[in-house]
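Asker: Single-letter residue listing:
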Amino acid sequence: MTEPNQEDAKNARIDWLLKERVGGETPPDLQHAVLSQLQTESETANPATQSSRWLAAALVVIGIGAVIAVSQISGARPSDQTGAHQDGEPKFIVWHTPTIVRTRQDIEALPKDTKQVFGINLSDDALPALLRLQKLEAIAMTVSTFEALRGGPLKPKTAPIFVTDDGIERLAALPKLQALILEGQLRIQGPGLVRLVKNTTLRELNLVSMAIPDKLLADLCELPLLALRLNGSQSFGDAGIKAIASSATLREVSLRGCTHLEDHWIANLSGMASLEALNLGGIGSHTIFTGIRLNPLPEPAPGSGVTDRLMQQLAPLPKLRRLSLSAGSVTDKGVQALQKIPSLRELDLGGVGEITAAGIDALPAGISSLHLIGHQQLDASMMQALLARTSLRDLHLGWCKGMDQDAIDNLCAATHLKSLNVAGWELSDADRKRLSALTTEVNLGKSKR
Amino acid sequence: MEATAFVRKHQVGLWRFLRSAGCDAALADELTQDTLLIALRRDVASREQRTAAAFLRTTARNLWMKRRHSDRRRAERLIDAAEQLWQRDAAPDDGNQLLDALERCVAELPERSRTALERSYHDGATRQELATELNLTEHGVRNMMQRLRKALRDCIERRI
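Residue numbers (the working numbering), protein chains in the order written: chain A, 1 to 449; chain B, 1 to 160.
So that you can see chain B by itself, here it is in the shape it has in the complex (with noise of 0.2 angstroms):
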């Protein structure tokens, strides 16, 4: 495979797989690429797409590992146990189909969940103004958080 098709065809499974365990947005973009970069440099393109696929996890699990030097120990754990979750639940479509479900389960909750989700994952919105807004502790809001996460997560698993 020529190198634009193979990093078009493995950025986003990777920089997923990244996120979902737990590697910030912007250091997923830049381990994503520096993943991508030892592969091509080692002509991983060449070969068949699974094995490339492994490699390239792999190789940005390797590279996480170096930037948790300090909670090493708790990162491995987390990531390994992502890799499992990824190849049953996400490796065949690059979390396509976990992310429609998240979609069919946000779309089933009462209003006021999906505004708190809506306040918080795409506003932004600080934990204190979530409790202003929805008359809420903020300890009343991180427990509606909570219990919300929880939610959606269950029904993910139901779904997929």
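So that you can see chain A by itself, here it is in the shape it has in the complex (with noise of 0.2 angstroms):
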């Protein structure tokens, strides 16, 4: 059995260790000042003067500020990469926990019969090596922000290494790629990116917290992808959007987490005949992902984001079955439009706090899965209004608050669910009880009482 002491250590260390990869901290470089100090002070037995702890403070203000530099060059955040479909046509790929590799040698090691590959800093040198991997069906290859960080002052930090479009392009080679996701690679232009989607079976597609120029978008869209997903991406425009609209083939399209949304690309997107998913998630005041710069991308003018305003460009899109308008700042009003798009099925409302009963009461009729996770209002009057919908089969309502003790009964006898997610609330064990009894799905968390 562990020692309590080795306990202690043990989350030291693992503070230590956050700290320093996660956050950015780094040890610092004290060649000069050891030394200096040591010309100068005298024969004294005191190791430390007055002097030599000023320069160590200046050497840690230093050392602050070129953690702050190398954060802000070194590329993107992790991101959502959710939108894999698990139902429906088509079939997207559903990520399992795919091998992380990181160098060429890395990828010599896997099995050849390996199928999902997760790469973290790799470089065109590495990439021939997934070659070998001819059942390969799903590639991510992501700039890691925590390498970008390694390093500090004491050795040669390491620059956030690329992949080029030449270096995706010999991919061309995989003949069971489907799937690709780039996660903050600035060195992509587009032509070997292009080339790469027109001579592979590749069909999904994740640019994430990329700069995207309207041009790639343009050629990209005039290809057979069904998935194209810019989560936390920019630098595209009309020009882009239009392109996107224009595709016959494209079932998801994601912006999530984009910093930048006008009304009017939404109004392009609505003629888009064979969407089937569209994700909006993250966009607005109310996320915790605008705000958040990790990227060396310059700054885009906010745009509207998802308000009440946009919504009214949000018609008709006849085979749109999933939504997501997550942390949106969208109220009643603004949710009434989705009576316009009578196939929808799925919505997430989650962090979107302005909802009432009257909000979902205005909802089509069709929906069958919806999320409000988060909600801060779930009063009786709201549960009543989600409860009286009978086509409601999921429902997440995890960290919502307000509940009171009438909320709860009702929800005790909504025997049509299919699956419930109420995490996050403090229930009692009697109330606990008779919602597991309500389907075998049902996620209550951890007992709070």
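Treat the hints as calculated values from the structure; they're not laboratory data. Each hint can be trusted.
Straight-line alpha carbon distances no greater than 27 angstroms define the calculated BS3-like cross-link-like pairs of lysine-lysine that follow: (1) A:LYS19 <-> B:LYS150; (2) A:LYS333 <-> A:LYS401; (3) A:LYS242 <-> A:LYS198; (4) A:LYS198 <-> A:LYS115; (5) B:LYS9 <-> A:LYS19; (6) A:LYS135 <-> A:LYS115; (7) B:LYS66 <-> A:LYS19; (8) A:LYS401 <-> A:LYS418; (9) A:LYS135 <-> A:LYS176.
Not the full set, but computed from the structure, chain A residues with beta-carbon under 8 angstroms of chain B: (10) ASN5; (11) LYS10; (12) ALA12; (13) ARG13; (14) LEU18; (15) ARG21; (16) GLY23; (17) LEU38; (18) ILE373.
Here a beta-carbon is modelled for each residue, glycine too, at the ideal position from N, C-alpha and C.
Hints in hand, dock the two standalone chains.
Answerer: Okay, structure coming up:
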């Protein structure tokens, strides 16, 4: 059994590791300070004079400055890579836990039947090794913030390592490639990527935290892509959105976490007859994504974000089944516009705080899956409105607030639900038991009482 | 070994050793500098590398004890345990393998957890700010961070 003092030491150790690798803290370079001190100090045994401490403090300040500078050039933050369909047509890749590779040697050590690979800071030189994996279906290549922070002043900093168009074009020799995630890959300009998509079976493309010019979108959207997810990316504008809207094949588009969104862009997208899934989550004043800037891209103008005004532009989309407006600034008035999309089945309003019972009443009748995660006023009237929707099968109410006992009692009677998530609720043991009996798919979180 | 090479060789490991024993970053800077000065005055630089490293850690330990006079016994237990862990897992490469293991473990976390870690450790977000952003109570954030640290600790243990 571990001694208590060793537990404390392990806790201290994990704090150090996190502060250095995630927080960007770096060991100081004391070479100059120590040697200067050694030269000038007297024979006294006191090792630390006031001046040396000032020097140390100055070095700390310099070190902090270096850390901030590195963080600014270090590339993408980890971002949402969800969006893979698990049902319906088409079948998109479902990411399991892919093997992480960082070097050519890592790739060469992979079994030949590897289907998914997650590369961190891979260079062009490492990519040919992937061609041995002829069953490879999905590749992610991310530029790691943490890697770039490694080093500090004590050794040469590891500059972010990028792949280029020339490098990824070689992946065209992979016969089963279906999905590609490029995150923070700021050296990708377009031609190689376009040729890769053109010459392979690649149909899902995630360009995360990237600078994506309109021309690249125009070229990509002429190809038979099924899903295009531009999470947290920027640099595209009207022309790029028009190119997306003109695609005859795209079934899924994600602008999640993009810092710029204009109302009329949505008007353009509304012409997409084959679009089945649209992610506009994480855009707008409520989001925790907007405002966090770890990549070196220039700050774009904010645009309007997801608002009631934008919602008026959202139609018609005859095949749209899934829509995320999470963290948007949408009210009851805005969600009324969704009535123009009767095909809608799954709606994510997580973190959209202004929705009341009237807004729930106004949702399209066919919605079977609804996320209201983090709603702050889930009172009895709201619950009543939710449960009046007998088409609802999946209800995600995790970490909501404002529920009284009446609301909980109402929920306990909702026998039509197939899955329910109430994680983060403070429930009595009796209520937990009643909710558990509702369906086999109930997430109650951990007991708080 | 000449003085410049000696400082360059040992400063990172020494600083990380202090940090791993719970010493805050600014104090670790100062104590690392003081320790290196003492070692150079006593010509430890001419000793064999492992002996020199042991001397440096012992000296750093003693300097830290002086600063922790109010809770000296607790600090002593902590740094002794840290010394054991350091020798077991970190001494050969100054903790680089541990940092790599952490990175792999963090990469496997869900998005929400990574965001919480980054906001907390990188951006310095307070527990209150995190609670608002993650739709949790402050207590919930504390629990979440405790769970994350525990999970990362276990993950690192498995990987080294």
